[in-house]
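Participant: So you can see what is in the structure, the chains are spelled out below.
Protein chains: 4
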Amino acid sequence: MSFGIGSEFRMTVFGESHGRCIGVVVEGCPPGLEIGVDDIQWELDRRKPGREATSSRKERDLVRIESGLTNNRTNGGPIMMMISNEDTDSSWYDRNRMVPRPSHADYTAFVKYGGFNDWRGGGFFSGRITAGMVMGGAIAKKLLSRRGVKIIAHLVQVGDVRAKGEIPDAELEAKARESPIWCADKEVSALMSEELEKAKSENDSLGGTVECRVLGLPVGVGEPIFDSVESVISHGIFSIPAVKGIEFGGGFGLSSKRGSEANDEFAIEGGRIVTQSNNSGGILGGITNGMPIVLRVAFKPTPSIGKKQRSVDISTMKKKEIRVEGRHDPCIAVRAVPVVEAMVATCLADLMIRVHKIGRVEGKI
Amino acid sequence: MSFGIGSEFRMTVFGESHGRCIGVVVEGCPPGLEIGVDDIQWELDRRKPGREATSSRKERDLVRIESGLTNNRTNGGPIMMMISNEDTDSSWYDRNRMVPRPSHADYTAFVKYGGFNDWRGGGFFSGRITAGMVMGGAIAKKLLSRRGVKIIAHLVQVGDVRAKGEIPDAELEAKARESPIWCADKEVSALMSEELEKAKSENDSLGGTVECRVLGLPVGVGEPIFDSVESVISHGIFSIPAVKGIEFGGGFGLSSKRGSEANDEFAIEGGRIVTQSNNSGGILGGITNGMPIVLRVAFKPTPSIGKKQRSVDISTMKKKEIRVEGRHDPCIAVRAVPVVEAMVATCLADLMIRVHKIGRVEGKI
Amino acid sequence: MSFGIGSEFRMTVFGESHGRCIGVVVEGCPPGLEIGVDDIQWELDRRKPGREATSSRKERDLVRIESGLTNNRTNGGPIMMMISNEDTDSSWYDRNRMVPRPSHADYTAFVKYGGFNDWRGGGFFSGRITAGMVMGGAIAKKLLSRRGVKIIAHLVQVGDVRAKGEIPDAELEAKARESPIWCADKEVSALMSEELEKAKSENDSLGGTVECRVLGLPVGVGEPIFDSVESVISHGIFSIPAVKGIEFGGGFGLSSKRGSEANDEFAIEGGRIVTQSNNSGGILGGITNGMPIVLRVAFKPTPSIGKKQRSVDISTMKKKEIRVEGRHDPCIAVRAVPVVEAMVATCLADLMIRVHKIGRVEGKI
Amino acid sequence: MSFGIGSEFRMTVFGESHGRCIGVVVEGCPPGLEIGVDDIQWELDRRKPGREATSSRKERDLVRIESGLTNNRTNGGPIMMMISNEDTDSSWYDRNRMVPRPSHADYTAFVKYGGFNDWRGGGFFSGRITAGMVMGGAIAKKLLSRRGVKIIAHLVQVGDVRAKGEIPDAELEAKARESPIWCADKEVSALMSEELEKAKSENDSLGGTVECRVLGLPVGVGEPIFDSVESVISHGIFSIPAVKGIEFGGGFGLSSKRGSEANDEFAIEGGRIVTQSNNSGGILGGITNGMPIVLRVAFKPTPSIGKKQRSVDISTMKKKEIRVEGRHDPCIAVRAVPVVEAMVATCLADLMIRVHKIGRVEGKI
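Chains as they are written, first to last, in numbering that gives the first Met the number 0: chain D, 0 to 364; chain G, 0 to 364; chain A, 0 to 364; chain C, 0 to 364.
Isolated chain D (complex conformation):
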């Protein structure tokens, strides 16, 4: 088991896709942070189904904050937030319980939990669990924003459609928000939408890539060796369903580079040390270097597709074909954009709090 993440700032999710609710408990938020329901609802609405290119499941996803606030400020205690499940229909799942959907958790969950797992809508393996991550991440984002830290994710690839050029950091957020699918390039966004429609109409789905940038972090965040910034963030990111890859800065592209090309040379700018390129993605030795963190996350195509697929019936151990019904997103990466932000925020809030508090002890170097 492990439904919680974080050491000093910790989030624990609960709920199932077709159960009563989805929720989260956030521990470790410093006291005095002003939080409104709107702060949470705004983020939840970004990942809600029913938007363009998403599942047609109708969920209002209205957050209830049940603890942790006194007079709209964090009181030092755990913040419990939850939303109800309203629009569930388990009939298809009941009929197909013994036939695992290809590339889904149905089969592995059945074995691991001895058949007692909640098969309806994938139980807690459903993408719906990410609503909990988004609620928790909203607290982290608010906390970090008070420290001048901004976290912006955007869609850079859907199937074969890729973003072109580099959007400057300062324009990224505004541009991404103009797009219903968080693609910061208007033209590419339109192409992606077409691609999504096409896949959907063919009962198929698409993979995609989300990029996330973090601006405004101080130098010195990260706890090497084993809680490097990359370690902690990747741990969180791979908890998002359907993620199959992550890279920081130059990432896999660095495998084919030479040191003389890849190294980020130092310079002084405005009285502080910067690097002239950012192949390191803002992280050196697992510690932030003051440059933007840049990371990219690969999502596999939604495994639930309307096409016929080969599977097996676990109860008879015989072959059985399956055609997944229900309302599924044609591309997980689209709705995952706010989820990536939430998870990066959560991981960084934890690392920020863990920076040595009683600090340097004495003397001079």
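Simulated from the structure, these hints should not be mistaken for laboratory data.
Owing to the predicted nature of the structure, the values given are computational and were not obtained by experimental measurement.
Keep in mind that the hints are not guaranteed to be accurate.
Subject to a maximum C-alpha distance of 25 Å in a straight line, what follows is the list of computed DSS-like cross-link-like pairs (lysine-lysine) [said to hold, decoys possible]:
1. 256(G) x 199(D)
2. 256(A) x 163(C)
3. 199(A) x 317(A)
4. 149(G) x 307(D)
5. 57(D) x 197(D)
6. 149(C) x 163(C)
7. 149(A) x 163(A)
8. 256(A) x 197(C)
9. 256(G) x 163(D)
10. 163(C) x 197(C)
Given the structure of chain D, go ahead and fit chains G, A and C onto it with the hints provided.
Facilitator: Just chains G, A and C, lined up with the frame of chain D:
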């Protein structure tokens, strides 16, 4: 701080590049496992400098097992192992202490530790710390091998030279061991060696990619949501210096695929459930599905190169050029091959132990 | 922060005394355990106010199980349970917010949380938070009962009234349940009730001691050095408000004994190894030895009393007298009996699950 | 397994009584702390055998600091320290391997570790493991002393001999150090020594009680609910072999008190808030209140005694008498005095570092 990793099987590393030693404490190894010094030494020798295409630092790296064994078997207590540092020369570092090497941890460590970090050879940020990981991983590998689990890493890319075709699982280990740089394709291995020589002769370095496959894992390992197999392994892998990306199964390639191409359909083979492709890399919903785990790790080029680079003097906050001397590997990915194996083994040993022991409680599904 | 306890079986509490609710998330319960609302409600009712010798706050405390069960069985996911707060009156607290009650957390919480703590009814420092512990513990108790483990707490001291003689293990549960205050000796129970009435009528309160016995544990539970059974249980027990001492087996009495008196000699009984006395309280080297665990917990008197007491006004830093109003238990130890059981159960469930799963590796001793 | 303790300041011990060494790895010490070998050695010498009223095992216990320091200051990395075992004689243990000593871990370790445990001298269950705790604690003590925190333990009971009166905080350390057995009352110290000699001459042993006071802590340390100061300290203390009880402030004595007697009323003294009594032992709601922490720890008598005792032979499952040979302390509590200090220091260093660093976020109460 975080020099330990793992929950029930835990490894804690210690030591600095130019300090007295490098070592590790391994906790949680089940009692009764037969361990010989050779089991550890064999793995250490694989990552030792002085082999082809590696640093010329001369270290014997003879392991001493200081606790945890009684009559050559694990006794349930922590296993402490260490090697001495012998061939250190700190003079270059002493002279350049205030001039951080580009793309190294020198600068971030200086800020984070208030200048008290060990600057000599990078202190605990040195690749030498991976000797501790290898010693700890050797215990994990031995433990897993007793459960029928095999972990094989090999070099698939150095600069622009890439492995071609797919080596079958059954041949991989033997073929990789034939190559001095763990590249399982003889021809490609020779090309990589040339590329490495060339970069070295030009005072430059190269990035590379290591692939790792895990064979023989049972279904059901992994602790979702937050301790998915991918989360736990990526956490460990990003603790290896110079790693900038990781992907599982189809990885980033899945971003441009459709669900109908990417999904791994189920079939029955020899009485057990298998998948007909392995784009999932052996993991569904964060849980092993009985197929091989396949992952790839991207390493940036060694940042220490003999070419002149721009940096700054931290004490004067003025520009300063730097030319790194010392004995450095032309490509970190080469010596990282056994390190990747060690870290994957350590993470999986922990997850194997965490599989619910008291298991299914009662009744039938 | 730390609102969660446990490594593989973990419980995270949330809520405030005068907030909307009190609740708990339980992670790590093995799948397939049958749980009814009644299992939880029965335990909650035992600690509910309004019983003899308790606060007159009227709370129905009806549990809602919001996640983690499918068809009344644990499904491997987190179990979220909550109760609403209904009968709250914060007016006294609002008026006295700046005057900390002696021996309460008011003052330390004010400083630690910068004044943002929830002052109404003590916020999450209230004894009401133990309702979360009891709900979580009910799951642990059910799980342990399926393994043949029984956990029975009873009241052995209230003020100067002490239980006499030793109740045999087999009779303890039945006898304790006959008493409205869980004192297994009928006569003593009556004396305690008198003592409680007297203190209450004098606007005063009383301390008390709870004993807990655990029957049916196998040999080998406990994770030394640092997660000894005593370490883990005491960690949990000291999280219950008002606890100031704990002892196992002979406890403080052993300080004045000789080894020859205190040692528990071994014998064979019914084919298994037992000890002829139980000064060790069922634990040797931090590991269960198959004998009953016996522990005693000291509770300080309820600090909220109706008598005038000296305090200070934090906002003016001047002396100020205080007379606590509101509905308070005359002796915390009484309602703490089911809480002690819950916490011991939670800690032991965690340790039971952590017993090495892949066990002894090979060979013979 | 669990050979490590602490979250942000963590100590991991290793070694066996008759193995090659005993050692510790300390993680999380802030960088820049000046540490000399003498700081560690001084503490080690206090617990060394060979002093009055202790085992006659001859160990020099010379500490080697193997990592974590650069120019005698902490460098932010893990500090590994170790001592060698020199004067071991395993012959008695080899002969009696199958006959567990009463009230020792021999039996439970045999079962838990499947017979693979190190039986010689108790393996890692030996009191010798506390040398690791003392080395680790020495770092914590040094760190805390730089923050003005002082930790003083002293012997208050040996068998039936009890300390009388209350030694003022200011005199405690000096007085305790005058006594070879750390009893701060000269007269009582002499009586205790007599008692110890008598027990020893009769091949018997004695229990004892150690009190520990912590002076100079700020208000606000401790992480409720579950990492209250009492929870964290008791967790550590019960990891010391032979501890069977712990109490804070008024402790078990509070069970027989009324609230009006037990409550610590607030007052203002020198501009800061104090309490007029200290039945809370410096802790309210699990958080330090600025008054001295006071705790008492009960040690059972050394179980290894020279008298004949009844046991069983595990291999034959038949009764067998045993008479423990070897060199054992007549009273564990004596040498445990510096161990209690070390463990309290370690736990408090962790809690001090965990105090919310980014603290109060904004605004006013």
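Participant: If a hint holds in the structure, say so; if it doesn't, say that too.
Facilitator: We went through each hint and held it up to the structure:
1. 256(G) x 199(D): Within the cut-off at roughly 14 Å; holds.
2. 256(A) x 163(C): 19 Å, holds
3. 199(A) x 317(A): Distance of about 30 Å is beyond 25 Å: violated.
4. 149(G) x 307(D): 35 Å, violated
5. 57(D) x 197(D): 22 Å, holds
6. 149(C) x 163(C): 23 Å, holds
7. 149(A) x 163(A): The given pair, whose Cα atoms are some 23 Å apart, holds under the 25 Å limit.
8. 256(A) x 197(C): Holds, at about 14 Å.
9. 256(G) x 163(D): Roughly 19 Å between the alpha carbons, so the hint for residue 256(G) and residue 163(D) holds.
10. 163(C) x 197(C): It holds: about 21 Å lies between the C-alpha atoms, which stays within 25 Å.
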